[in-house]
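Novice: Please work from the sequences and hints to get the whole structure.
Going down the list, the protein sequences come from chains A and B. The first sequence: position 71 = 71 (full-length UniProt numbering), numbered continuously. The second sequence: position 95 = 95 (full-length UniProt numbering), numbered continuously.
Misleading hints may appear alongside valid ones.
FRET-style restraints, in silico, Cβ to Cβ [what the hints assert, rightly or not]:
id, chain 1, residue 1, chain 2, residue 2, range
1, A, 170, B, 162, 55 to 65 Å
2, B, 131, A, 190, 45 to 55 Å
3, A, 144, B, 37, 26 to 36 Å
4, B, 81, A, 167, 34 to 44 Å
Quick look at which bits of chain B chain A covers, simulated, 3 or more residues with Cβ under 8 Å [claimed, not checked]:
id, region
5, 72 to 82
6, 85 to 94
7, 168 to 181
Treat the hints as calculated values from the structure; they're not laboratory data. Backbone N, C-alpha and C fix where the C-beta goes; we use that ideal spot for every residue, glycine too.
The lines below spell out each chain.
2 protein chains.
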Amino acid sequence: MTTQAQRHTLIGVLGGMGPLATVDLLQKIIEETPVSRDQDHVPVVAWNVPQIPDRQQALAGTGESPLPALLAAVEQLNRLSASHIVIPCNTAHHWFDALAQKSEAPLIHIADATLASVEYLVKNRAKVLRKIGLIATRGTLDAGWYQQRFAALGAETLEPDEQELATLFVPGCYAVKRGELQQGGYLLEQLAQRLIDRGAEWLVLACTEVPPALAAINSRWLDISLDPTRALARACVREWAMLS
Amino acid sequence: MTTQAQRHTLIGVLGGMGPLATVDLLQKIIEETPVSRDQDHVPVVAWNVPQIPDRQQALAGTGESPLPALLAAVEQLNRLSASHIVIPCNTAHHWFDALAQKSEAPLIHIADATLASVEYLVKNRAKVLRKIGLIATRGTLDAGWYQQRFAALGAETLEPDEQELATLFVPGCYAVKRGELQQGGYLLEQLAQRLIDRGAEWLVLACTEVPPALAAINSRWLDISLDPTRALARACVREWAMLS
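Specialist: Okay, structure coming up:
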């Protein structure tokens, strides 16, 4: 039976940052939809056009702003009557408010989607989360989206330090962008280990390049990791499945 | 350096048949693009909306035509100024001419893309192909797209019989659509075995649900299989990389 919500749902994916992270989200939307035939899957239109200036460089003041390209993509998704827009790139959420202002379709924030998954975890698995390790870009760490939400749950956030970002996170992330997932995975696993050593009980993989990299090496830390890309996929499925 | 061809390339993917086959194509486009950073990847917009009547049922006379939904999708991709349109579903190519007629952007036929890959194989690996096993839907087999192209290369095509289609192919294919890739893989591997037993030296996996299923079980037949989804991905990359 098609519900009212389903008839009006078309998830617009503002992707390309990087293209593999977008494919990872699309894959996870399918995995998170419990259906028996093609026609029951979530309708998605994915703008996977990676010709967008580098987000990390823009925030570091060493590259041009991606905002014009992001706005153009939001416009295209609205032209297609997307009902909701999601962005499988954490760092790009720096421009979230500017994009939401220009979009008829509401944007779903990846940190809100992640918070819903953390709350589910706490409630259904009776986990007490005191220390969460946050793996993210400098731009995402500075923005504080995750730290503020975790603090509201009474959890402390552990962050990578500058040296860990420069020697483990950034090269790991750019290895994924080059298609070298295993190399990226080994670097990012070392970063995960550092945060665990400092007391993190749980990890949040808040850069969309990280989950495919850790999956590629079947990292032992995946069992205690929370994946914002999967949380975003679940949020899309919830919009699709919601009864009117 | 951005070439003239790159500035004007936007690959439109008419997907959703099924959604996983579309994700598989997007993944293979990325794998086939030898680049070092996000911005060098092929720009793609994917219409992954699976609310399209079942193609196999339509051709068997037991379901409604998917043509109106396909035409609407082609119209959307043209509105976005797609430069080329590809369809990661072999059976849907039954409506290829009707769609091409209504599309400003040229459509790339998956069997043409596959022929280019077969020719490459013959030329570069000095393979003599005498007997090719074709794994496909009843609709694709009846259409003759692959058989005609293989005959032009001097190769004979071996096809599944009705019982193999009914007991191995169709349940294998619909298992993938339900997300049961391993179960699909085991059924489709049995079908591959039958064609090999009858003398096939090479297999062409001409239903886009088949490559992910055989990959899920790491099938031993993948080494002698040609994947039209990957061939289509290569055709997309060629359009992107082509010098003006």
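Novice: If a hint holds in the structure, say so; if it doesn't, say that too.
Specialist: Structure-based check of each hint:
{"no.": "1", "hint": "A:170 / B:162: 55 to 65 Å", "result": "holds, 57 Å"}
{"no.": "2", "hint": "B:131 / A:190: 45 to 55 Å", "result": "holds, 50 Å"}
{"no.": "3", "hint": "A:144 / B:37: 26 to 36 Å", "result": "holds, 28 Å"}
{"no.": "4", "hint": "B:81 / A:167: 34 to 44 Å", "result": "holds, 42 Å"}
{"no.": "5", "hint": "72 to 82", "result": "holds (count 3)"}
{"no.": "6", "hint": "85 to 94", "result": "violated (count 0)"}
{"no.": "7", "hint": "168 to 181", "result": "holds (count 4)"}
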